[in-house]
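Enquirer: Listed below are the residues making up each chain.
Number of protein chains: 2
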Amino acid sequence: MRSPDDLYAVVPAGGSGTRLWPLSRAAHPKFFQPLTGTARSLLQATFDRLRPLVGPERICVVTGVDHAAGVARQLPELPEHNIMVEPAPRDSCAAIALAAAIIERRHPGALMASFAADHLIQDEEVFRRTVVEATAGASDGLLMTVGIMPTRPETGYGYVQCSEKVRPSTVQKVAKYREKPPLDVAKQFVESGKYLWNAGMFIWRTDVFLARLAEYRPDIAKLIQEIAAAWGTPQGAEVLGTLWPTVPRIAVEYAVMEPAAADGRVGTVPGDFGWSDIGDFETVATLLGSDESEATVVDLSGEPAEGPSVVGLDSDGLVVLPRRGRVVAALDVHDLIVVDTEDALLLCRRDRAQDIKKLIELLRERGAEAHV
Amino acid sequence: MRSPDDLYAVVPAGGSGTRLWPLSRAAHPKFFQPLTGTARSLLQATFDRLRPLVGPERICVVTGVDHAAGVARQLPELPEHNIMVEPAPRDSCAAIALAAAIIERRHPGALMASFAADHLIQDEEVFRRTVVEATAGASDGLLMTVGIMPTRPETGYGYVQCSEKVRPSTVQKVAKYREKPPLDVAKQFVESGKYLWNAGMFIWRTDVFLARLAEYRPDIAKLIQEIAAAWGTPQGAEVLGTLWPTVPRIAVEYAVMEPAAADGRVGTVPGDFGWSDIGDFETVATLLGSDESEATVVDLSGEPAEGPSVVGLDSDGLVVLPRRGRVVAALDVHDLIVVDTEDALLLCRRDRAQDIKKLIELLRERGAEAHV
Numbered sequence: 001m002r003s004p005d006d007l008y009a010v011v012p013a014g015g016s017g018t019r020l021w022p023l024s025r026a027a028h029p030k031f032f033q034p035l036t037g038t039a040r041s042l043l044q045a046t047f048d049r050l051r052p053l054v055g056p057e058r059i060c061v062v063t064g065v066d067h068a069a070g071v072a073r074q075l076p077e078l079p080e081h082n083i084m085v086e087p088a089p090r091d092s093c094a095a096i097a098l099a100a101a102i103i104e105r106r107h108p109g110a111l112m113a114s115f116a117a118d119h120l121i122q123d124e125e126v127f128r129r130t131v132v133e134a135t136a137g138a139s140d141g142l143l144m145t146v147g148i149m150p151t152r153p154e155t156g157y158g159y160v161q162c163s164e165k166v167r168p169s170t171v172q173k174v175a176k177y178r179e180k181p182p183l184d185v186a187k188q189f190v191e192s193g194k195y196l197w198n199a200g201m202f203i204w205r206t207d208v209f210l211a212r213l214a215e216y217r218p219d220i221a222k223l224i225q226e227i228a229a230a231w232g233t234p235q236g237a238e239v240l241g242t243l244w245p246t247v248p249r250i251a252v253e254y255a256v257m258e259p260a261a262a263d264g265r266v267g268t269v270p271g272d273f274g275w276s277d278i279g280d281f282e283t284v285a286t287l288l289g290s291d292e293s294e295a296t297v298v299d300l301s302g303e304p305a306e307g308p309s310v311v312g313l314d315s316d317g318l319v320v321l322p323r324r325g326r327v328v329a330a331l332d333v334h335d336l337i338v339v340d341t342e343d344a345l346l347l348c349r350r351d352r353a354q355d356i357k358k359l360i361e362l363l364r365e366r367g368a369e370a371h372v
Numbered sequence: 373m374r375s376p377d378d379l380y381a382v383v384p385a386g387g388s389g390t391r392l393w394p395l396s397r398a399a400h401p402k403f404f405q406p407l408t409g410t411a412r413s414l415l416q417a418t419f420d421r422l423r424p425l426v427g428p429e430r431i432c433v434v435t436g437v438d439h440a441a442g443v444a445r446q447l448p449e450l451p452e453h454n455i456m457v458e459p460a461p462r463d464s465c466a467a468i469a470l471a472a473a474i475i476e477r478r479h480p481g482a483l484m485a486s487f488a489a490d491h492l493i494q495d496e497e498v499f500r501r502t503v504v505e506a507t508a509g510a511s512d513g514l515l516m517t518v519g520i521m522p523t524r525p526e527t528g529y530g531y532v533q534c535s536e537k538v539r540p541s542t543v544q545k546v547a548k549y550r551e552k553p554p555l556d557v558a559k560q561f562v563e564s565g566k567y568l569w570n571a572g573m574f575i576w577r578t579d580v581f582l583a584r585l586a587e588y589r590p591d592i593a594k595l596i597q598e599i600a601a602a603w604g605t606p607q608g609a610e611v612l613g614t615l616w617p618t619v620p621r622i623a624v625e626y627a628v629m630e631p632a633a634a635d636g637r638v639g640t641v642p643g644d645f646g647w648s649d650i651g652d653f654e655t656v657a658t659l660l661g662s663d664e665s666e667a668t669v670v671d672l673s674g675e676p677a678e679g680p681s682v683v684g685l686d687s688d689g690l691v692v693l694p695r696r697g698r699v700v701a702a703l704d705v706h707d708l709i710v711v712d713t714e715d716a717l718l719l720c721r722r723d724r725a726q727d728i729k730k731l732i733e734l735l736r737e738r739g740a741e742a743h744v
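Chains as they are written, first to last, in the working numbering: chain G, 1 to 372; chain L, 373 to 744.
Same shape as in the complex, but just chain G (with noise of 0.2 Å):
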């Protein structure tokens, strides 16, 4: 299956990735972190997902000022008018919006589809083939979204729910799209078989993606497309910095998607393609460990290590992240998460994993703002 000729890709690169730390900072978010089991980073495993589907002229990064630098860096043969840089974060649907109006006017009716810069993708080609699929509909005037099927009734995740098919795609209609629902009702879900896990992966014409938020939201429309005018002209920057603070904060799921749906103008195709967010460490340790006798090691420098990175003695269940030619050495020790990096040294007890975040709150409180 062949990608349409108009199509683009659009890369929202923001997020820090609290539940990562010390791995993922504040300066160095996890997209710029190397949990692909290569050397390569998310951001970079992300950008070699999408170029066999668009070319890397038709990759767009939009990305904040502090990590416009890193973009650049990291993907030497992106193009320099392809880094979109805000000049603070307005949430995603700012961001997307802004992308979609430029391309817009660069190529008026393309199609365009938007991935995060931190997940992992285990079978590439499935998810190029059903980004094409979406485009399908996309090219019809709905605005789609790639849902991931399944595998657990997962809590940390929104879902959407599918209605009837569109013939003949395999595109579903979407209904509604329901926030992280409690563990019961995420059984309810799976079991169902009619809900999809929202990855943020969105398909559609930049023409009907910005004709729908000029009908939700006008606001945020009228400003986009000022900025998105005034985009490489000498005024550009003036533009973009006067306008930019004053974009309303909102997710383009509620902004756009939600009502969009309530509409009928959504659908979606199921994508089975080893889809992770690599959320936290239990996910990375399942993903990109290796299991050694008392702990799963996760080695992300990509160099055979000289020496045991892990040595562990009357002590099992533990998750470790090294640090290259250091070794871990641990006595009497269970059920423990170590990330050892450069700065900062995280020991976390396993089922806590979710509360790394309230430690960097602590970490902040403390004065130890510089290692967050």
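FYI, nobody ran anything at the bench for these hints, they're computed from the structure.
Since the model is a prediction, treat every value here as computed from it, not as a measurement.
Please note: incorrect hints may appear among the correct ones.
To be verified - Among chain G residues calculated to face chain L with C-beta under 7 Å, some are:
1) PRO308
2) VAL327
3) VAL328
4) ASP332
5) ASP343
6) LEU347
7) LEU359
8) LEU362
9) LEU363
10) ARG366
11) ALA368
Note that beta-carbon positions come from the ideal geometry of N, C-alpha and C, so glycine has one too.
Following the hints, put chain L in place on chain G, whose structure we already have.
Expert: Below, chain L without anything else, positioned relative to chain G:
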């Protein structure tokens, strides 16, 4: 009390302090570490403590080939010819006998006092006064030891059993050396008031010690005298290199002190000056740590920290030896020793600190030889 004019101090600097790994290493043993509450190392603190007693010209350090350079650099005021380098470790009898024989040739009938390089003493004035008291017994021909007044029924030390007083001094005769006792025996020792800890502190006339050595271990005495006769001559290194490896390995307690005690030739003065051998991390924490809410933190850097070095959430009972510039963040972690060094991280349950030696053996087995 003035110290005798003919007193020399000898410091055997050997042993690696395995229970303090990874702080203490084969290559960087305990005596080189700043385990003193200041930036000075234990060796430097030992030198500082002895200097007012005898002056730098009369302090001799006996050490191994791998630590000679470290001793020379840590003690720039120590005369070079007072650094006696053993070609290979032959235990304490050989080291002490070599120093005694060399001092005897430089200063016949000298008084010699020998102290470990890696012990901590809190009240140095009392320490020096006690040593001078002991020289009275040594001048009279006894092999003297300073025994430490026990503060607890410690099972990790040997004891000396005192008998009658030698009037009019504070000197008591030693009836017997006792091996590390089981707890019930240790309790009896402490309750009786007649036992002192053997801290390896000896004071004697060099001629007397060498005569006793010749009597109890003529084999060792003969080799040591040959080596000492050649010491400092053009043949010195050749003789040392040839004969030293043939010197029997034995502790001075077994070779000389025990048989001499049986012959009524050993005396002691009790020492009560805040002595510690800084033998494990619990002791290090008690003596050098500062208590923070979740952890006892031992900062050996000697510099004020810029931010917190330990931050714990739902954590307590931690003993942390942090590294400068790094933060240890703990989430739901309890009663754990955390020692963060440049190339190794130790995590050890507090009640297993005595088994670190086993962990080191495992590290060797697993090929982490470079880290031990």
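Enquirer: All hints, please: hold or fail.
Expert: Hints, verified against the model:
1. PRO308: holds (5 Å)
2. VAL327: holds (5 Å)
3. VAL328: Interface hint status for VAL328/G: holds (5 Å vs cutoff 7 Å).
4. ASP332: This interface hint holds because 4 Å falls under the 7 Å limit.
5. ASP343: holds (5 Å)
6. LEU347: With Cβ-Cβ at 5 Å, under 7 Å, it holds.
7. LEU359: OK, holds: LEU359/G within 7 Å of chain L, min 5 Å.
8. LEU362: holds (5 Å)
9. LEU363: Where the cut-off is 7 Å and the nearest Cβ of chain L is about 5 Å from LEU363/G, the hint holds.
10. ARG366: holds (5 Å)
11. ALA368: holds (5 Å)
Consistency with the previously given hints is maintained throughout, with no hint failing.
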